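Sequence order for the protein chains is L and F. The numbers in my numbering rise by one with no breaks, and the one at position 190 of the first sequence is 192. The numbers in my numbering rise by one with no breaks, and the one at position 377 of the second sequence is 608.
Treat each hint with caution, since some may be false.
Mimicking SDA-like on lysine to any residue, the simulated pairs with C-alpha atoms at most 25 Å apart in a straight line are [said to hold, decoys possible]:
id, chain 1, residue 1, chain 2, residue 2
1, L, 106, L, 151
2, F, 361, L, 54
3, L, 57, L, 31
4, F, 458, F, 605
5, F, 399, L, 221
6, L, 229, F, 311
7, F, 323, L, 226
8, L, 4, F, 326
9, F, 415, F, 241
10, F, 663, F, 617
11, F, 550, F, 690
12, L, 245, F, 323
13, F, 361, L, 106
Chain L side only, calculated, beta carbon under 8 Å to chain F, not exhaustive [as the list claims (entries may be wrong)]:
id, residue
14, 32
15, 52
16, 53
17, 78
18, 81
19, 83
20, 113
21, 115
22, 119
23, 202
Source of the hints: derived by calculation from the structure; they are not laboratory data. Computed from a prediction, not measured in an experiment: that's the story for all the values here. Using N, Cα and C, we set each Cβ at its ideal position, and we do this for glycine too.
Listed here are the chains, written in short residue letters.
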Amino acid sequence: MKVLATYSIKGGVGKTAAAVNLAYLAASEGFHTLLWDLDPQGAASFNFRIKPKVKGGLRSVLLCKRQLDEVIKETDFLGLDLIPSDFSYRNLDLKLYDARKPDKQFRSLIEPLAQEYDFLFLDCAPSISLVSENVFRAADLLLVPLIPTPLSMRSYDQLLRYFRKSPVNHLALLPFVSMIDIRKRLHKETLNSIFYDRKNVMRAMIPYASQVELMTVRQAPLCSYDKHSVPALAFARLWEEIKTHL
Amino acid sequence: MNTLIFDIPRNQSVKATESLFRQHFHLRKQVDRVTTRTYLDTFDWRVFKSGGVLEAESDKTGIWLTWRSLGADQVYGRYPVTRIPRFVSDLKVTGFRKRLEKVLGVRAMVPIVNVQSRSHVFTVLNLQAKTVLRIEIQSDRAPYQSGGKSRIRRKAMLGSRIHVFPMKGYEKTVDNACTVLQEKCHLIPAVTDPVLTALAAIGCEPGIVSQKPTVADPVQRTDTTAKYIFRHLLETMVQNENGVRQEIDSEFLHDFRVAVRRTRSLLVQMNNVLSRQRISGFSREFSWLGKVTGPSRDMDVYLLSFDSFKLLLPKEMRKDLMPLQEFLGRHRVTEYQRLIRVLDSERYRVLKRNWKRFLGLPPPKRLSLQNAGRPIIDVASEKIWHVYRKAINQGNLILPEAPATSLHQLRKTCKKLRYLIEFFQDLYKKNKVSRLINSLKVLQNNLGEYQDLVVQQITIKKFIHAMEEETGLTDNTRNAMEMLVFRLEQRNLRVRMEFAERFSEFSSPANHKLYRQIFTTQKKPYGGTR
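One chain only, chain L, in its complex shape (with noise of 0.2 Å):
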């Protein structure tokens, strides 16, 4: 099983859209893929139409008083389940503190799984905390969306310092330029520098687009009612792109 984490310390740079539909591409061509929403505000979940609500919250995973296996759900699209959101996501840091070997929770969690699945998506929440510690090391690849803006690039810097203090010696950090709009003249100019800086950035570039936004009212996953919009076949083309890393 590859664990794939969409990761940024910055919030609103289009995570959540990346991982719902590159979930729902992998799942689509026949791989058995988990999404876990690790976001409090439960947004993957809503865009599945499952309620964000884990039974016995998170302290019954965690004290493993329940396999997580018994918390997936399975979405309306064949081959694709979801671990839904719990609002008591947002005291994680304080729970995995309590925990032994805090930092390694999640990779003893998801382990149980990989018999089953292909693929686990984890559609982190924006922050850096033991939580993503915790992301770092159960993900294989680390994919940072990022706005060609000054901010984002700021966050993603940071990010940057952090792995060159503590390497992960397995993860293969990814970063994507998202929510692009070339009318932009910020965005044109943040761009060349992105690609001509960074090596390691994907060619493929998702756009802003309201077909994005407008996810969350078909409440589903873009791909699956309109795989011909121009943000579908950017997702499409950063799931092949993805997969040549893996």
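With chain L held as given, fit chain F onto it using these hints.
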């Protein structure tokens, strides 16, 4: 087993059932589908024996491969495919494939039966308009055998049923739905899985690979018994012919050849049972058939062993062996074309026709042949004891420096012995005969592996020359193949050293006593009343 399939009684309409169910659940109707379900299994029913069902469901939107439990209470995986796969290796590398591979191994998925079905699909939605359950009302038409023509007639319906597809995380809904279907819609949980109904409709009994002939009457005339076994072997050949022609799985050719070999072996043993004049022609023809089908089987064996060949080489050399695989693949195509020509030939047709006619002749009333009218148990015991003694004598002469040909001779004798014991095993006490077969198998495995390794070394050397002549050979590939020969030789030496121990187990006093006890002192048949 908690089945999730419910039969709709013939006196209850599908519409009525649907409206009864609608009173309790918020249903959303999806598109109606006309599907063809093709049930797949290996030639030896590996899926069925593991308690599963593998079905390829195709409609105009695509093909889905579903692997589920018998009774449909569990779906192990559902996988989109562009065409019905033949081997697991045709599927993408996913967890589904890895799990299925554990059941199927390298065997092909053979289409067994096709069922056309009209389905009304519904989804049960919760308050968030999320699907929590899928329901399909399926009406099956009469099934037809894969490869055969559809025998669908307009009114030939097999009946209707409701299939409940549970969704993970919404188990309560499944329980509620099952309760409503039983109590409010008056449906009965299906007693048999639809696959079993379809198989029964085409007269196919799952799980039976090839029925062994049962020779249970110890006092039956030997000539009658022999003809019965020959008829069975001929049937096995004919049954496997289609699989050979379609190149579904190499196992079909293997079974075909085994039937030929067993026929030849028994023909030799039936010298004083059937007229020598009559059977000598058949012996010659079956020998021809064995010979002409050999090269195709050899290619299959080399291709099946290819991965194990690669493992014999150091990692960095393995890729250099790939041209050999391509060479084998090319030659397999040619050999199979030759094989099909043999199966289409007049000579083969005449052999089958005459053999069938000969086997169908009534036993002669006046017996001129010594063993023809004797009870089978006497003749079988004599033959088995004789071949066993021959094996012991041959084995005792094999010293460490004996040539490979002596081991090959012993291997052939052991094969004859095994066939004889297996043909007539039902005449003797089962547990004792099983012990003998097991001890014989151990020796046969050693001899078989030794002989295969000897032949493989010679053949791979021949392949080196053939490849050089055909397409040229890079130094790396030649080195890899020469290294392979060297490794096979090393392995061969190890196997050869094990022979003495295996043979001493086979010829142990305890085993010898058992052979003597069963095949020489048994004057009264087991369970018989002579």
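Structure-based check of all given hints:
{"no.": "1", "hint": "L:106 to L:151", "result": "33 Å, violated"}
{"no.": "2", "hint": "F:361 to L:54", "result": "13 Å, holds"}
{"no.": "3", "hint": "L:57 to L:31", "result": "31 Å, violated"}
{"no.": "4", "hint": "F:458 to F:605", "result": "14 Å, holds"}
{"no.": "5", "hint": "F:399 to L:221", "result": "19 Å, holds"}
{"no.": "6", "hint": "L:229 to F:311", "result": "18 Å, holds"}
{"no.": "7", "hint": "F:323 to L:226", "result": "21 Å, holds"}
{"no.": "8", "hint": "L:4 to F:326", "result": "11 Å, holds"}
{"no.": "9", "hint": "F:415 to F:241", "result": "17 Å, holds"}
{"no.": "10", "hint": "F:663 to F:617", "result": "18 Å, holds"}
{"no.": "11", "hint": "F:550 to F:690", "result": "20 Å, holds"}
{"no.": "12", "hint": "L:245 to F:323", "result": "13 Å, holds"}
{"no.": "13", "hint": "F:361 to L:106", "result": "34 Å, violated"}
{"no.": "14", "hint": "32", "result": "5 Å, holds"}
{"no.": "15", "hint": "52", "result": "6 Å, holds"}
{"no.": "16", "hint": "53", "result": "7 Å, holds"}
{"no.": "17", "hint": "78", "result": "5 Å, holds"}
{"no.": "18", "hint": "81", "result": "7 Å, holds"}
{"no.": "19", "hint": "83", "result": "6 Å, holds"}
{"no.": "20", "hint": "113", "result": "14 Å, violated"}
{"no.": "21", "hint": "115", "result": "10 Å, violated"}
{"no.": "22", "hint": "119", "result": "6 Å, holds"}
{"no.": "23", "hint": "202", "result": "26 Å, violated"}
Violated hints, listed in ascending order, are 1, 3, 13, 20, 21 and 23; each of the other numbered hints is respected by the structure.
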